[in-house]
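Protein chains: 2
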Amino acid sequence: MSGEATKRVYAFGDGTAEGEAGMKALLGGKGANLAEMARLGLPVPPGFTITTEVCTAFYANDRAYPEGLTEEVEAALAKVEEATGKRFGDPASPLLVSVRSGGRASMPGMMDTVLNLGLNDETAAGLAALSEDPRFAYDSYRRFIQMYSDVVLGLDHALFEDILETYKEERDFALDTELSADDWRAVVELFKAAAARELGRPFPSDPREQLWGAIGAVFDSWMSERAIVYRNLHDIPESWGTAVNVQAMVFGNMGETSATGVAFTRDPSTGENAYYGEFLINAQGEDVVAGIRTPQSLTEAMREKMGDPAPSMEAAMPAIFAELASVFARLERHYRDMQDIEFTVERGKLWMLQTRTGKRTAAAALKIAVDMAAEGLISEREAVMRMDPGQLDQLLHPTLDESAPRTLVASGLPASPGAACGEAVFDAAEAEALVKQGRKVILVRIETSPKDIGGMHAAEGIVTARGGMTSHAAVVARGMGRPCVSGAGEIRVDYENKLFRAGKHVVKQGDVITIDGASGQVLLGEVAMIKPKLGGDFARLMSWADAARRMKVRANADTPADAQTAKEFGAEGIGLCRTEHMFFDDARIAAVREMILAEDRDGRVAALAKILPMQRADFEAIFRIMEHRPCTIRLLDPPLHEFLPHAEEDVMDVAAATGLSAEALMARAAELAEANPMLGHRGCRLGITFPEIYEMQARAIFEAQAAVRAETGAQPAAEIMIPLVATAKELEILKVRIDAVAKDVAAKAGAQPAYSVGTMIELPRAALRAGDIARFADFFSFGTNDLTQTTYGLSRDDAGKFLADYLGAGIFEKDPFVSLDRDGVGELIRLAVERGRAARESLKLGICGEHGGDPSSIDFCEEAGLDYVSCSPYRAPIARLSAAQAAIRRSG
Amino acid sequence: MSGEATKRVYAFGDGTAEGEAGMKALLGGKGANLAEMARLGLPVPPGFTITTEVCTAFYANDRAYPEGLTEEVEAALAKVEEATGKRFGDPASPLLVSVRSGGRASMPGMMDTVLNLGLNDETAAGLAALSEDPRFAYDSYRRFIQMYSDVVLGLDHALFEDILETYKEERDFALDTELSADDWRAVVELFKAAAARELGRPFPSDPREQLWGAIGAVFDSWMSERAIVYRNLHDIPESWGTAVNVQAMVFGNMGETSATGVAFTRDPSTGENAYYGEFLINAQGEDVVAGIRTPQSLTEAMREKMGDPAPSMEAAMPAIFAELASVFARLERHYRDMQDIEFTVERGKLWMLQTRTGKRTAAAALKIAVDMAAEGLISEREAVMRMDPGQLDQLLHPTLDESAPRTLVASGLPASPGAACGEAVFDAAEAEALVKQGRKVILVRIETSPKDIGGMHAAEGIVTARGGMTSHAAVVARGMGRPCVSGAGEIRVDYENKLFRAGKHVVKQGDVITIDGASGQVLLGEVAMIKPKLGGDFARLMSWADAARRMKVRANADTPADAQTAKEFGAEGIGLCRTEHMFFDDARIAAVREMILAEDRDGRVAALAKILPMQRADFEAIFRIMEHRPCTIRLLDPPLHEFLPHAEEDVMDVAAATGLSAEALMARAAELAEANPMLGHRGCRLGITFPEIYEMQARAIFEAQAAVRAETGAQPAAEIMIPLVATAKELEILKVRIDAVAKDVAAKAGAQPAYSVGTMIELPRAALRAGDIARFADFFSFGTNDLTQTTYGLSRDDAGKFLADYLGAGIFEKDPFVSLDRDGVGELIRLAVERGRAARESLKLGICGEHGGDPSSIDFCEEAGLDYVSCSPYRAPIARLSAAQAAIRRSG
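For the record, the sequence lines run as chains A and B.
Residue 597 in the numbering used here is what sits at position 597 of the first sequence, and the numbering runs on without skipping anything.
Residue 559 in the numbering used here is what sits at position 559 of the second sequence, and the numbering runs on without skipping anything.
Simulated from the structure, these hints should not be mistaken for lab results.
A hint or two may mislead.
Identical chains blur together in the list; that is why a pair holds if it fits in one copy or across any two.
With a straight-line cut-off of 35 Å between C-alpha atoms, the simulated DSBU-like cross-links for lysine-lysine are [claimed, not checked]:
{"hint": "1", "residue 1": "K436", "residue 2": "K735"}
{"hint": "2", "residue 1": "K743", "residue 2": "K531"}
{"hint": "3", "residue 1": "K24", "residue 2": "K729"}
{"hint": "4", "residue 1": "K801", "residue 2": "K451"}
{"hint": "5", "residue 1": "K748", "residue 2": "K79"}
{"hint": "6", "residue 1": "K801", "residue 2": "K610"}
{"hint": "7", "residue 1": "K359", "residue 2": "K729"}
{"hint": "8", "residue 1": "K168", "residue 2": "K729"}
{"hint": "9", "residue 1": "K844", "residue 2": "K801"}
{"hint": "10", "residue 1": "K735", "residue 2": "K814"}
{"hint": "11", "residue 1": "K24", "residue 2": "K567"}
{"hint": "12", "residue 1": "K801", "residue 2": "K743"}
{"hint": "13", "residue 1": "K814", "residue 2": "K743"}
{"hint": "14", "residue 1": "K192", "residue 2": "K504"}
{"hint": "15", "residue 1": "K359", "residue 2": "K533"}
{"hint": "16", "residue 1": "K440", "residue 2": "K531"}
{"hint": "17", "residue 1": "K79", "residue 2": "K508"}
{"hint": "18", "residue 1": "K729", "residue 2": "K801"}
{"hint": "19", "residue 1": "K801", "residue 2": "K735"}
{"hint": "20", "residue 1": "K814", "residue 2": "K844"}
{"hint": "21", "residue 1": "K440", "residue 2": "K729"}
{"hint": "22", "residue 1": "K7", "residue 2": "K192"}
{"hint": "23", "residue 1": "K610", "residue 2": "K508"}
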């Protein structure tokens, strides 16, 4: 930084400012908003902001200030003196200031506020005289010493608290309010002496020394360990730096006509268009925070609602309240969003200390966005941009009542949102049986596998001791819309005794537990819940989103129930129908196992013939629900051994139930066992080696189409998807076979099936060879779960063991199975899009991995030019909103 | 094909030809070489070739010949008539012809030869008169009917054989030679009658009908099922087509001054510069093949060597032999390679029927290449190009004596070359124990795992029932230079009873078996072997190769013994030293397990302190052997559970042996178990989560360096390689830690360690992000085993189950774990090379996967611009030769 020509200090106050709201990078959020309020002519105590560039220069230059900074600060200070009519260090009319840090983003670890800076023995005496309130002056003085010693000088806070406690004990004082001006003067002397003892030099009495000390402390805190850790975690560049705000003090504690308060311009909890805030008469801001006194309501309406005995500000200070209300209205109009505001009243005069966009709950965010659009304050597209899609999730599931008491048993990952409550059960079959008896259960497992699907579906919610955000339990639960806590490591499941231990807790089968899938908590007993409301505001915002988006939104749905939910949540088709889930049904698994155990093709064909009518019925039901909407049906994907029992006990059960030989079952399971099933004999590899499986599935699809068309007259649109393709040749071979089945069905049914054939792009090689593959594909669907696994060489079932370390070390910014890795996986997708489209212009492109429901990943899909995203039915609204935001973002 | 302006028929003979050797694509190999010999003025029976383009046009045009072909054939036939003075179909002077197919590559399934075409009752009579040998004429006639009926008309061969047998039986004839001219004439009548019965029309007597029938049969055979299958398997495009050669007959069976023979211009078995061939007096070519008469030696030297009683051609026909010898010399000089030749002598006149480059054994190929270079016939670089690197492998290992009898027990994959013999043993520990007693063993396992390493090393060879070319057994065996047959599916191992079954064979522990790693055979008993000779010719050719190559060749070596072998086989460094193999040693595994079971960092550090001196000693030994040569040492890679026992029995043993708790062992093993270990907690992920492991390894390397430097004065060059990197951040973090250890060791040892830090590129993401990663890497080594696994999403341990189907369906041209997939994996490598070098110009690039020893993959490495390849020590010469060939190929 050359620095010579750069302005380093920006003044504000008195109806003007050198900065403005747009200068957050240079002045920090707080400084920029103070300048903006000053420009608006609002009553802002005058002050100045030292820019973030000074911080950067400070570190670039071995912790030395750039030349000329002192002069600029002095000039700005002179302006403050002029505006206030007071002088810094002048006992006759002492100017006191506050010093605060303020970066672009608020950041823990940064230096907090120093108030009342400029006080020493002389100015304190002057303040006492001027305010005609010596007690106020010496109380302020002792607060300053305490705060400055702690924050700037690094002395132990307890040192001063001990002195004060001792002083009060010796005089039998219970409350600070009992101390007189003389008491505080005595305490000040004790404080100064103690500080001098600790420092080995006197407590600084020169106001300018105090000021530069505080400025230096702000800059030093930028490199504190806590700040560095926070920056690394949140990816805030060190080069951003922090600004320093120096501002004339105003006092809410100068008697009964003084006050201090905080307020939101709308209710941050419900979004109601009503002021929401609290204030305290004759107090400083820290008193509100400290909680020693109970704050009063800002408005009468709020007071009534809360049942407060103390009067509201609206009633107690009607003139000031009216002025404040007009400021609120002005700020909301100006910033076009709900504001979070701090103010102080000094002897009947209102001062604005801060404004910023207010945080809010999901419900409030929705209501505020829709209301503001209705009020004409923002456009409908802006309203769409205002809703955080991640927050939207809260509105789609029952949530725990925040105010209800909780007894935490264990914590895990928030794997699938929503709250659920029921008896703990440790076996999937038992869960199903209990639910049939009308009981509500939570299925608790070490981990789940495809054979638990029935029990998972029956259960209200699922808890697993092992597994990450994309473990089997998590993926299936999200797909089903069941709340799920996965990887609750403290839980030790004891299947034999039907109980689990977690710390000191023992939960036996039948004990009621509640789980919160949004926070990952497992709780004892039944905790009160709040049902979601998908009413008018929600529907209105979603309709605006639907109008704004370019990409279609589909859902991953394996069953008629899923398809129904998908349609209700606004999905425009099915992006992934996993046919293997249909194989696990009790009625079918026997035939599936018979097929696997068959010695030859004839045996397999015979077993598959038993499955055909059942599979056809599934497709019929789904086609009936989805009507004309496109359904992408993926042919069998998992390795065959997933359908066989493994534990000896299970083998015996299956043998008894099916009449198959236990020995043959065991031998075949051993033969099919794989070192790395994820990379094994699955997907289209099964289709290549056992042509009869895919042929049966294709036949079931085509026959179901014909049946539904005959029944309803609607033409179901089937997109047949081949999984795990690595080479164009695989797809070429399988497409020929599917076309042959279509011809055969057409000949028998007397009508052409309407279908297309495409492939998952879920292997790096498929992405690279997309040009070849597109010659045989009508569509690509990016299977980003597997694509992430193979691109990273990372099994999502096994990543849990080191994922936390990787996030902690900053190797992963986010779990790559949750949020798509744009640099690696993303490049493969971009390559595949480019090469696929170059080979076939009409190629339809979508995504069906878990990322299809993640807002940041959906943004990437828009950027990459995909035609649609597909996600679990319950996330369809999130996807619709995210797709809309991505489109708006790119429309400039 | 427009075809109008295209020449479709090429004549040859009489000292001229319209074609030449360079026109193989158009005329096929046989036709092109016949033309070339005619051009050289050699005595070639005149004839003509119908081009391969006619075949293509034939199929493009719905099996119709292009217009004008008949006229061109007639014109060419007229030239043959002119040259021979005979006329096709003229009883007074009948021209007979042979018709043969001949493509670019010789191909099974194509139509074989038809001889004596042009014969009918009239021309046969004419031939009898002209040759004054009616027996010859009618014998030729019946041979023609038989051959034409079989090959062109598709009649059953047995039909004619039965007739002949019956005829002979009825007359009490034992041998064909007992039949007179009249007998053959009678047989001809019987043959014609039988053919007419079968055909429902007379046997074709018009020579032109015969000719077009034969031409059509050649073209038809191009689309025979056998030909199509062969083309698919060998990737021969259908569009190549086949040519048809029509040539005037010459007869080796016209009495004692006639003969027929085949010869090589050098010994195809040893490479000796001496003619090698056989001939028969008064015979046609088919008689040599039929084996009814024993052929005689071509030369006196050969006759003496063979101990033949019959005279050699050199003695029996000295003038013809001299003429033949001069033709041999001429052809070898002309083609500049050893030739495989067919000739016929008709009544004292020599005719050349074929010449082509002769197939030869590896030993012969080596000797011929080196000799020809010494003779000045070819350059040294040409000699290098003449040796097939795949064949070279045969020279580096003992091989089975081809002439020894074999009893095949089972067949598997040729996983690691060489032959070995010993007692079958089914347990690795038992193998070690037996070898210590001085016994020789073959280790037979269902599959092997890292804990079998000791037994594998002790054994002479390894057999597994499961696993592909890159299964654990195969990779380790190749690395150790142990012969190995993997995936011998017929073998059923019964560990309990210590035996295996394969078909009808039962092999018990202690039974001697022999394995042939070059062919994948498992044989009963001891089979005689031939030791490799790496003498003068080998060394000379390798020195020429070394002079020609650009890339360095290193070896993958984990132990001092490997390092020694690597140096002896000409490796210029170690490209991959896998440190985990050092962990399995009996003395260390206990400490390794203690480390894994440790509850915290301190416990791990204490256990690692026990391993440090042992690991340091390993590195010292390797550095001592490799001297100044670079050694790339890969830090710990496999997941920790690989070091724990899994079977309950093993756990008890380990618990007893180490004093560790069996319960703790089981619990930890269960905790560490992974769904997909290949994609799990391994490689640098271990380094990130357990920093102390890599720190110990780095310390062992640096301390070993210091010790060897102090001892020998040589500076060992250590290249520390971090495995499984997916992000630049991983490498950055680990490099910082390694540098810190180096500083610490330097401070204590008083000298700077000389080292560089680099990474494996073995994940698609690493290849894509090579630019970022190169900022922290001194070198990249492409780990193409894992890169192939992740790019294809294909586990090499599990691929065996469908690999055969994939090769059969033409989805894989070659096993991608054997020969690098240039299109997919290759693109990632090219991207990584480009991006890595762009970020760091000095980046050193190599390959250390199994592909580093595969000639075609090495060719790719040259093309991609890598600096070196690394392969198992025993393959280093193959890599040196392949690298040289790749460089020569690219030098134009």
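ask   = 35 Å Cα cut-off: does K359 pair with K729 within a copy, between copies, both or neither?
value = For K359 and K729, only the inter-copy Cα distance (34 Å) is at most 35 Å; the intra-copy one is 54 Å.
inquiry  = At most 35 Å between alpha carbons: which applies to K801 and K451, within, between, both or neither?
reply    = both (24 Å within a copy, 24 Å between copies)
ask   = From the Cα coordinates, with 35 Å as the cut-off, is the pair K814 and K844 best called within, between, both, or neither?
value = Both: 29 Å inside a chain and 32 Å across chains, each within 35 Å.
ask   = How do K440 and K729 come out at 35 Å by Cα distance, when the copy is not named: within, between, both, or neither?
value = neither (50 Å within a copy, 47 Å between copies)
query = Taking 35 Å as the upper bound on the Cα-Cα distance, should K743 and K531 be classified as within, between, both, or neither?
reply = Neither: 50 Å inside a copy, 61 Å across copies.
key: Within, between, both or neither: K168, K729 at alpha-carbon 35 Å   = neither (88 Å within a copy, 56 Å between copies)
task = Using 35 Å as the alpha carbon limit, work out where K610 and K508 are close: within a copy, between copies, both or neither.
result = neither (41 Å within a copy, 45 Å between copies)
ask   = When no copy is named, should K735 and K814 be tagged within, between, both, or neither for a Cα gap of at most 35 Å?
value = Cα proximity of K735 and K814: across copies only (23 Å, versus 38 Å in one copy).
task = Using 35 Å as the alpha carbon limit, work out where K24 and K567 are close: within a copy, between copies, both or neither.
result = Classified as neither; 44 Å inside a copy, 65 Å across copies.
query = Can you tell me if K359 and K533 fall within 35 Å by alpha carbon in one copy, between copies, both or neither?
reply = The answer is within: 21 Å in one copy meets 35 Å, while 82 Å across copies does not.
task = Evaluate K440 and K531 at a C-alpha cut-off of 35 Å and name the case that applies: within, between, both or neither.
result = Answer is within: at 17 Å inside a copy they meet the 35 Å cutoff, but 76 Å across does not.
Up to 35 Å CA-CA - K801 versus K844, copy category = between (37 Å within a copy, 33 Å between copies)
When the structure is compared with the earlier hints, violations turn up for hints 1, 2, 5, 8, 11, 14, 17, 21, 22 and 23 and for no others.
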